[in-house]
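Using the sequences provided together with the hints, build the complete structure.
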Amino acid sequence: MSDTRSTAFAPVADTADQYALSHLDVLESEAVHIFREVAGEFERPVILFSGGKDSIVMLHLALKAFAPAPVPFTLLHVDTGHNFPEVLEYRDRTVAEHGLRLHVASVQDYIDRGVLRERPDGTRNPLQTVPLTEAIQEHRFDAVFGGGRRDEEKARAKERVFSLRDEFSQWDPRRQRPELWNLYNGRHAPGEHVRVFPLSNWTELDVWQYIAREKIELPEIYFAHEREVFARNGMWLTAGEWGGPKDGEPVEVRRVRYRTVGDMSCTGAVDSDATTLDAVIVEIAASRLTERGATRADDKMSEAAMEDRKREGYF
Amino acid sequence: MTSTTGQQATTLLRFATAGSVDDGKSTLVGRLLHDSKSVLADQLEAVEDASRRRGQETPDLALLTDGLRAEREQGITIDVAYRYFATPRRRFILADTPGHVQYTRNMVTGASTAELAVVLVDARNGVVEQTRRHAAVAALLRVPHVVLAVNKMDLADYAEPVFAAIAAEFTSYAASLGIPDVTAIPISALAGDNVVEPSAHMDWYGGPTVLEHLETVPTGHDPSTDPARLPVQYVIRPQSAEHPDYRGYAGQIASGVLRVGEPVTVLPSGRTSTIAGIDALGRATDTAWAPQSVTVTLTDDIDVSRGDTIAPTTGAPAVTQDVQATVCHVADRPLTPGQRVLLKHTTRTVKAVVKAIPSRLTLDDLSQHPDPGQLTTNDIGRITLRTAEPLALDTYTDSRHTGSFLLIDPADGTTLAAGMAGTAG
Chain F
1 MSDTRSTAFA PVADTADQYA LSHLDVLESE AVHIFREVAG EFERPVILFS
51 GGKDSIVMLH LALKAFAPAP VPFTLLHVDT GHNFPEVLEY RDRTVAEHGL
101 RLHVASVQDY IDRGVLRERP DGTRNPLQTV PLTEAIQEHR FDAVFGGGRR
151 DEEKARAKER VFSLRDEFSQ WDPRRQRPEL WNLYNGRHAP GEHVRVFPLS
201 NWTELDVWQY IAREKIELPE IYFAHEREVF ARNGMWLTAG EWGGPKDGEP
251 VEVRRVRYRT VGDMSCTGAV DSDATTLDAV IVEIAASRLT ERGATRADDK
301 MSEAAMEDRK REGYF
Chain C
1 MTSTTGQQAT TLLRFATAGS VDDGKSTLVG RLLHDSKSVL ADQLEAVEDA
51 SRRRGQETPD LALLTDGLRA EREQGITIDV AYRYFATPRR RFILADTPGH
101 VQYTRNMVTG ASTAELAVVL VDARNGVVEQ TRRHAAVAAL LRVPHVVLAV
151 NKMDLADYAE PVFAAIAAEF TSYAASLGIP DVTAIPISAL AGDNVVEPSA
201 HMDWYGGPTV LEHLETVPTG HDPSTDPARL PVQYVIRPQS AEHPDYRGYA
251 GQIASGVLRV GEPVTVLPSG RTSTIAGIDA LGRATDTAWA PQSVTVTLTD
301 DIDVSRGDTI APTTGAPAVT QDVQATVCHV ADRPLTPGQR VLLKHTTRTV
351 KAVVKAIPSR LTLDDLSQHP DPGQLTTNDI GRITLRTAEP LALDTYTDSR
401 HTGSFLLIDP ADGTTLAAGM AGTAG
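The listed protein sequences correspond, in order, to chains F and C.
What the first sequence shows, in the working numbering, is residues 1 to 315, in sequence order.
What the second sequence shows, in the working numbering, is residues 1 to 425, in sequence order.
In case anyone wonders, no lab produced these hints; they're calculated from the structure.
We put the CB at the ideal spot given by N, CA and C, even for glycine.
Watch out, some of these pointers could steer you wrong.
As the list claims (entries may be wrong) - Below, computed lysine to aspartate or glutamate pairings styled on DMTMM-like, alpha-carbon distance capped at 20 Å:
| no. | chain 1 | residue 1 | chain 2 | residue 2 |
| --- | --- | --- | --- | --- |
| 1 | C | Lys37 | F | Glu283 |
| 2 | F | Lys64 | C | Asp286 |
| 3 | C | Lys37 | C | Glu197 |
Stated by the list, open to error - Here are the in silico distance ranges between beta carbons for each label pair:
| no. | chain 1 | residue 1 | chain 2 | residue 2 | range |
| --- | --- | --- | --- | --- | --- |
| 4 | C | Ala175 | F | Thr276 | 49 to 55 Å |
| 5 | C | Ala276 | F | Glu167 | 42 to 48 Å |
| 6 | C | Thr397 | F | Arg213 | 33 to 39 Å |
| 7 | C | Ala276 | F | Arg119 | 55 to 61 Å |
| 8 | F | Glu192 | C | Ala164 | 52 to 58 Å |
Unchecked claim - Which stretches of chain F does chain C cover? Using the computed rule of at least three CB atoms under 8 Å from a CB of chain C, they are:
| no. | region |
| --- | --- |
| 9 | 23-31 |
| 10 | 34-43 |
| 11 | 61-72 |
| 12 | 186-193 |
| 13 | 281-291 |
Structure (structure tokens):
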């Protein structure tokens, strides 16, 4: 009987070749379906656009979903005030290129007005929730597209594609609507909104493979370059005006790239020689660390750090 | 995701797992992820730390999937969790459904998109009431492939007769429910037997491991055998200098194959036209098929809007305002005759009223109990509805996409029930 095992890997008898679709085709069609459902059912949708790779892929999918007409959504960026200049430049160039409308909610403004207080550790990621929630209320956005993926983090693995939020943007994981087939229920009361995650079923590798397949341009910090960095909590942080390094944290020049792009105070670079998309894909496929584990200080705080931030209205 | 490299095109398999309390489902899922090297070093480190804090000697792989604080605190899985892993042959999306809290609702959710369901049983307990219910849900939701994983074989001395008896009982029950394909596999999720690596303790078993089976089971089915359906999501009208007269009907093909030049009927209006062009997300094409998202143009300027269905004139569905269906009730409040609801079918949401609830189904054997009066949370029953507007509804047997619908509470938007059309009787 043991030779049955050796033949268990017979050719996969999938759908007749003529009608075969790759996993990227299937994920792309699913995401486009989600964008079009929102366009059909909501009054004031907005895409959260940071200039990070996931939001860039979201925008690319939205452009494809409605071509040759323009994207029927505006964009919103929560600017922590510690964003990478290369990324802000990319953001503004993209907005201009596609004739889009961008709203910016500024964490710095909230700090200057005394509404938010700088944390002792200098991390501004958790501070984004209030400006985000207030921008949603102010502009009366009823659907808010986020680039969150379920493979990123275990609390996100429990997230719906359409995720209902109350007027305070809060997420209650125990009161989520069951999501059946591809029938999304976007009903909500005035003041409530729905967070929508078109990339729910994508992995980090899917995102990179899709970027390569579609030849999507990215901010250059995603590729290997020389940078002045210093070590903190096992990560390479960029030296800069945001506050690092402190005394005793020596700065050195290393060849690095970013796997994620967020607030400079808590987004780490990884050592890398990958200067092309193909090289990045090989590097990610071989990585023994998750994207957030390798690059996000804020998720290392506790077992439930992401769940707690999500409950309060974080992305 | 570790071993997938480069631009290699791979297929996608969506599957669901179901098991009773303590059948070791989370351990199986953890084992699949761990042994297929989809758990990365920092995730494993977190699980090892958490296990040590709880006083466990070996890492508790269930902690990989229990993502919410309440789940970790209570040691149970509350909600469906989605997991992602890949081998060089396939990408997998796993809906991990809890065994006890809200189990029917959660399993119906997980099974609705699954092409394969893994049902776990404890080798020491055999087929129990919950096993029958899980099989019944897989049958009702028409999941094409079912795997029976007989777990904890290490606690049953890896004995072939134990496995054979459970496999025979389950296979015969599954056949009575109409499940076409059952594969039984003896495993120990804890020890790793036959999950990813073949077992060294069960020479009498010559079949595939769980992962080998997941990698080789056929996915999808030939769309050319199904009638084509395009529910219209959105009408694309640029009204620009470059495209002054463009009117494209955007949607995801729910079933079948669409071809340029094909005569089509728009439902429910019954107007007819011909497909002039198909745009498959930036690429003009002559044919497109499920589940592709496309934009279709027609040769005639006829009235088409969101909620309409475009179908080939030959094989177009009948439209109806009287719906007979099997529903799984998922809300806390009961469903009663006379209740006014919203019905969401494909891209169309219409008002409807529950006319009658002729029977409730016992999940133990799918037998019917007449006149239950109402359906409460996690009940499955047959109902009849009258809709305010006609629907181009197929039977669920014919199509999992155009035969399914949601019932929604018009007052607060709660999802009340998951419906499968055309199986009343």
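Quick rundown of the hints versus the structure:
no.	hint	verdict
1	C:Lys37 with F:Glu283	holds, 16 Å
2	F:Lys64 with C:Asp286	holds, 19 Å
3	C:Lys37 with C:Glu197	holds, 12 Å
4	C:Ala175 with F:Thr276: 49 to 55 Å	holds, 54 Å
5	C:Ala276 with F:Glu167: 42 to 48 Å	holds, 46 Å
6	C:Thr397 with F:Arg213: 33 to 39 Å	holds, 37 Å
7	C:Ala276 with F:Arg119: 55 to 61 Å	holds, 59 Å
8	F:Glu192 with C:Ala164: 52 to 58 Å	holds, 54 Å
9	23-31	holds (count 8)
10	34-43	holds (count 4)
11	61-72	holds (count 7)
12	186-193	holds (count 3)
13	281-291	holds (count 8)
The structure shown violates none of the earlier numbered hints.
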